[in-house]
Amino acid sequence: MAERLPVALVTGFLGSGKTTLLSRLLGRPELGETAVIVNELGEVAIDHHLLRRVDERTILLANGCLCCTLRGDLADELRDLLSRRTRGEIPAFRRVLVETTGLADPAPILNTLLAEPVVRHHFEPGAVLATVDAVNGLGQLERGAETVKQVVVADRLVVTKTDVADRAEVVRLEERLRALNPAAELLEVSFGEAEPAVLLAPGDGDPRDVRISEGPAHGGDLHPFVLFLERAVDWTAFGIWLTMLLQARGNDVLRVKGLLDVGGRGPVVLNGVQHVVSPPEHLEAWPDEDRRSRIVFIARGIEKREVEESLAAFDAASLAR
Amino acid sequence: MCALCGVLLTSHWAERDSGRRERVFRVRLLNRVLVHFGLELGDWGGRVYLLRDRKGKTAVVEDLGGLWAAAERLAGRPLDPLDPTLVEALRRG
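Residue numbers (our numbering), protein chains in the order written: chain A, 1 to 321; chain B, 1 to 93.
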């Protein structure tokens with residue numbers, strides 16, 4: 001099968017600097033072969049790129065689960081880009097950048113990339129970025145469930161407008177962002193000046209830099225925690241456990257991300273957003289000396305202890321193999 | 001891959017690259033969980049699973065994606081892996 005093309009998402013509240021970031025990124029020569037899908041034409045100053053517009057049309061499936069909706073508009077656009085590229089009507093492109101509206105939920109986009117039969121054979125999820133405005137970000141997080149969801153799902157949190165914000169405000173915002181999504185990388189960016197290689201590198205799932213407090217969560221009703229497992233887990237038992245957990249509690253398990261020791265040379269990369277789980281990737285080697293499994297959960301109303309005990313019981317049941 | 005929409009997919013993430021022996025083991029392990037909810041799973045030709053309750057009601061499921069939703073329908077309640085009585089039962093073996 002041909003190599004799948006990465007589709008990176010740029011999410012963030014209205015006015016949080018998505019378009020500035022995107023325009024600057026696309027001005028860089030190394031991002032020349034990039035197709036861009038946006039909601040509003042005319043804002044992104046990129047004449048020479050493949051620019052498409054979509055209407056954020058979602059198709060609600062029969063089970064009514066919101067994170068599992070398909071974004072029909074996006075699927076149509078990606079299929080069209082592919083066929084026009086094949087017919088030679090547009091230049092070849094090596095990646096796609098999608099700029100969502102400030103209110104978009106990233107989960108259905110990821111589901112579309114992983115579940116839509118044609119799309120998933122040609123594309124794969126790339127990095128998920130969320131821009132957060134250093135001046136207004138705290139207020140937006142207080143008021144907007146959409147902003148919180150975008151922060152929780154992001155691989156990288158891009159704090160913008162730090163040049164005009166009070167430093168103490170920036171520090172408070174970053175503390176809040178780390179509390180909400182301890183697995184995300186945090187970057188400060190002014191005027192959209194950022195390194196594409198850093199921003200768009202695929203999220204490797206490694207939460208080794210996780211700074212997480214075991215005390216009361218500061219993320220509102222969300223409760224992020226990280227599990228460290230001292231010994232390898234049985235992959236079959238883990239698959240049974242996680243699929244069962246996501247079926248029963250998927251609406252409250254907003255994010256699962258980490259590295260899992262399943263007894264091989266390298267770990268398995270886990271990356272899930274509610275019911276949507278990326279195909280786990282087996283790595284050749286661990287990124288550092290620490291060989292413990294580490295999994296970040298960002299959940300609502302679920303305690304670390306119950307997750308730990310449940311996973312241990314499922315794993316213990318596999319010992320009779 | 002979606003735990004709820006697994007039927008859309010040809011290969012569920014939790015079952016990818018696994019052979020016959022792994023599948024047999026998976027069914028055995030699943031039955032240790034499902035018995036707690038009055039359900040039993042069988043393998044049908046290595047291609048689909050047959051889920052049945054004690055009254056003989058059955059459901060054909062393709063993979064783990066479809067299994068839990070079908071199990072929930074047959075059991076008439078959610079199957080929560082965090083349920084302390086299930087955890088205790090698995091621990092006792």
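One or more of the hints may lead you astray.
Stated by the list, open to error - Cross-link-like lysine to any residue pairs, in silico, SDA-like; alpha carbons within 20 Å at most:
hint	chain 1	residue 1	chain 2	residue 2
1	B	Lys55	B	Glu40
2	B	Lys55	B	Phe37
3	A	Lys304	A	Leu186
4	B	Lys57	B	Leu82
5	B	Lys55	B	Gly45
6	A	Lys304	B	Thr85
7	A	Lys304	B	Asp83
8	A	Lys304	B	Leu86
9	A	Lys304	B	Arg91
10	A	Lys304	A	Gly263
11	B	Lys57	B	Asp83
12	B	Lys55	B	Glu88
13	A	Lys304	B	Asp80
14	B	Lys57	B	Arg77
15	B	Lys57	B	Asp43
16	B	Lys55	B	Pro84
17	A	Lys304	B	Glu88
18	A	Lys304	B	Pro84
19	B	Lys55	B	Leu82
20	A	Lys304	B	Leu74
21	A	Lys304	A	Arg292
22	A	Lys304	B	Val87
Stated by the list, open to error - A short list of chain B residues far from chain A (calculated; beta carbon distances all over 12 Å):
hint	residue
23	Asp17
24	Arg26
25	Arg32
26	Arg47
27	Val48
28	Ala59
29	Leu64
Read the hints as simulated data drawn from the structure, not as lab findings.
Virtual Cβ for every residue (Gly too), placed ideally from N, Cα, C.
Task: Numbers of the earlier hints that this structure fails to satisfy, in rising order - done: Hints 3, 4, 5, 10, 11, 12, 16, 19, 20, 23, 24, 25 and 29 not satisfied by this model.
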